[in-house]
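In order, the protein sequences belong to chains A and B. Just so you know, this note's numbering puts 751 at position 423 of the first sequence, and the rest follows in order with no gaps. Just so you know, this note's numbering puts 254 at position 225 of the second sequence, and the rest follows in order with no gaps.
By construction, these hints were calculated from the structure, which means they are not laboratory data. Virtual Cβ for every residue (Gly too), placed ideally from N, Cα, C. Incorrect hints may have been included.
Pulled from the structure, derived: some chain A residues nowhere near chain B, Cβ distances all over 12 Å [claimed, not checked]:
#	residue
1	466
2	488
3	613
4	620
5	725
6	747
Derived contacts from chain A toward chain B, CB cut-off under 7 Å, selection only [stated by the list, open to error]:
#	residue
7	509
8	728
9	730
10	755
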Amino acid sequence: MNRMLVTVFLTLIAGLIASPLRADDCLGCHQGKTPAAVKQWRESAHGRAGVGCRDCHGSDHALMVKGEARVSAKQCGACHAKAYGEHTASRHGMGLHSGWGCTRSLKGRDQRECSFCHEPGSSLPRSDIHCARFLKQSSEMGEIGCNRCHQVENSCASCHSSHATDLRIVRDPAVCATCHMGPDHPQWEMWQTSRHGVLNASMGSSFAPNCQNCHMGQGNHNVSRGLTVSSGSIPFGAEAAAKGRSEMLAVCGGCHAVAMAARELSRGDTVRDQGLKLVKEAEGIIAGLNDEGLLDPMPDKRPPHPFAGSQLVLDNQMLYEDTSHIERLFFKMKKYDLAKTVKGAYHQNPAYTHWYGNAELKMDLVDIKAEAGRLRGRKANAVGSARPDERRQIEEQLELLKKKGARGAITAEELERERRRLLERFLELR
Amino acid sequence: MTGTGAKSIGRITALLVLLLCGACAGLPVGGPYADILQVRRLAAHDRATPLAPSPDGRLLALVRGQLRLLPISGGAELALDAGRPLALAWSADGSRLAAAFAAAGGSRLAIFAPDGSVLAEQTVRGRVTALSWTPLDELVAAAVELEQFRFGLAYRQLLIRRDSAGTATAAVLHEAMLKPATVRSLDSDRLAGLMVPRFAPLGDELIYLRVQDPPAFTPYRRIMVRNLANDTERELATVGIGPVGIACGADGEELVLDSGEGRLQRIPLWGAATGNDVPLSGRLTALSPDGHYLLADGRLLRDGALVADFPPQVAGLFLADGRLLVAAAEEIFLVSGFAGGNAVRNMSRQQQEQLMTLRAWRAAGLISADQFRAARERLFK
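With the hints as extra help, turn the sequences into a complete structure.
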């Protein structure tokens, strides 16, 4: 008899341990421990539909306590397949890999770049992160300053909140502001003070569009539809650009004459190209200084770049720390001021396009040229008053030409012509 | 008796005479132009020792018991050093003779004036195998170090540079580990001759061989050219570890390679291959300054056509003026009278320096091969 009672008791206990947790199993504790989460869930569509805690969080409570049971976008996608599919096709869907920026739509892209994010043959991004700036931060800084925004790749809660499903949350453009603001992508500030933003604030979305109206029409989660440039403002190839433009014009055409919208966006394209030209000029100046060994410090005299080691990096992986002063100026120019110029133009904000953007771009170029002059002048002073070795000078110029030729900064014809000129000068040294 | 048979008997007879006579006064010469050649015995010398004629063709450094200087036109010999040199080289102006001798822990470098006085002496690493001067008064030497391990033989090639102040530095050009089986397959002569470095006439570039002896494969050698001004290198060819004949063209622009395949390859040191191979029977011994004459297995050929026949085992060396030194057994002969062995371009020191600079720039890819050629032509106008 005793043995039977013990067996029944143990069976009951085992049953309790083994039985799956239901929502009401969690509420008993979490009503007290996380009351806001419980309230939001109760009032949510999930709560009404009986989608319980386990359905999203799983049943490993130990993992949850450790904070390792966050609900991934893929889990949401099990029910919300359409939204998930649209999301993964967009830039949001690669938020954790955006240090490099997806290059698939760019002209003449280097096929090797795909391997930064993808295993061969796979369209899914790898789990490791490829952003040099992120890798330079402490884990705490990386979590707060980088992941909180970039986790949008894998967390629907980035926009939707964790437990509330009220669509008013995500239909409010302010939900975009947490991330899309600040010196490098101030879309929130630009939109707010643009005609669209001001009119939207006073008259509502039926009068003027907000972020969602233009970039997530009919709730489409592919926020990249309608775009014609990369996150670094580099224009797409012709086919991808045409597709993006036609998507955006379809949106603009909801209110405006398409011809007018096309004209406005085309003006934005021109402003973009003008800005890129300035950046390219600055980039050439810095690359030239690097060729001459004049950066202070040179790349091989600083902590190595996480990916490029001792090489100069001026592309999307450039750093804002452990660089020379002129590179710091260039970082601001390319990462902040070009972004403001281009995004300001596309968001129809005159002040951002001009004063925050283009004017700063040009002043940055002034600063960069001045710094380049200072670095060159320093070299000239270091040589002193001794008569320069002409042969050595010619050789240095030939070396610079070779480097310029190697990075495509001059054409083959120019290279040939300059070499001939220098050889002529050399042969006259008799 | 057929013509071929008669010729063979003639060569064998000549060889027998040489062998039997020892220090015989005459050099047997055959071939279609034998009767117009002038052959003069210069001196006796020790077999398989270096010879170095001075740039002006007046003096010959040779070894007979010790290092000696011989006036080529006649006159008394001058004894320089009791040692037996491993390599010899005259400076471009003929004012100095560098010699390398075996020494404990390396090689002894000595620099002599033509009057026999010792200008400098020092010990350097490794066993020197080749010497050269540059127009900038730098003495460069190729040397070898061998280190035996249980698992193989470390074969280390060194480049030694001695500046005008006398400071010598050594850098490792290449190091290889030879498998024990490879070492056993080579006799000491072949092991010593595994790397046959050649300096370009200006002394600014070195042709040398890198031996590769991978664990599970047959050993082979890569023929490399290296510009000494900027250490730029380029691979020219690969060959086995059998004997090869290597010469640098007199203008320093091409490698002439006899890899035992019955043809002579001319490979530009820094340009694209021209495919101008010529058939060659025999092994290349020497190449004339103008590139038209070569000595192979005792046969003097001009552009592939036979000029004269010497005994097959002779060694040879062309003088700057195109005359030919022939070392037959223990005798040295001077052969002249054949047309076309033009002297190398006489260059001023400034021209030499400018040419060296152009060659360095070409090697480093700072100017193209075409631009180099055009500039060189301008230099000598």
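Report task. Double-check residue 730 of chain A for me: the hint is only fine if its C-beta lies closer than 7 Å to a C-beta in chain B. Result -> This interface hint holds because 6 Å falls under the 7 Å limit.
Query - Interface-negative label, residue 725 of chain A against chain B, beta-carbon threshold 12 Å - result: 9 Å, violated
Query - residue 466 of chain A remote from chain B - nearest C-beta pair above 12 Å - result: 43 Å, holds
Requested in this report: Could you check if residue 509 of chain A really has its C-beta closer than 7 Å to a C-beta on chain B?
Outcome: Hint on residue 509 of chain A: violated, closest Cβ of chain B at ~49 Å, above 7 Å.
Report task. Using Cβ atoms only, decide whether residue 755 of chain A comes closer than 7 Å to chain B, and label the hint accordingly. Result -> Result: holds, 5 Å to nearest chain B Cβ.
Query raised in the report: Is the shortest C-beta separation between residue 728 of chain A and chain B less than 7 Å?
Result: Where the cut-off is 7 Å and the nearest Cβ of chain B is about 10 Å from residue 728 of chain A, the hint is violated.
Requested in this report: With 12 Å as the threshold, tell me whether residue 620 of chain A passes as away from chain B on beta-carbon distances.
Outcome: Its Cβ never comes within 12 Å of chain B, the nearest being 15 Å, so this holds.
Query raised in the report: Can we confirm that no CB of chain B comes within 12 Å of the CB of residue 488 of chain A?
Result: Holds: least Cβ distance 58 Å, greater than 12 Å.
Query - Least C-beta distance from residue 613 of chain A to chain B larger than 12 Å - result: 23 Å, holds
Query raised in the report: Beyond 12 Å from chain B, beta-carbon-wise, is residue 747 of chain A?
Result: Nearest chain B Cβ is 6 Å from residue 747 of chain A, so the label is violated.
Hint violations for this structure: numbers 5, 6, 7 and 8, all remaining hints satisfied.
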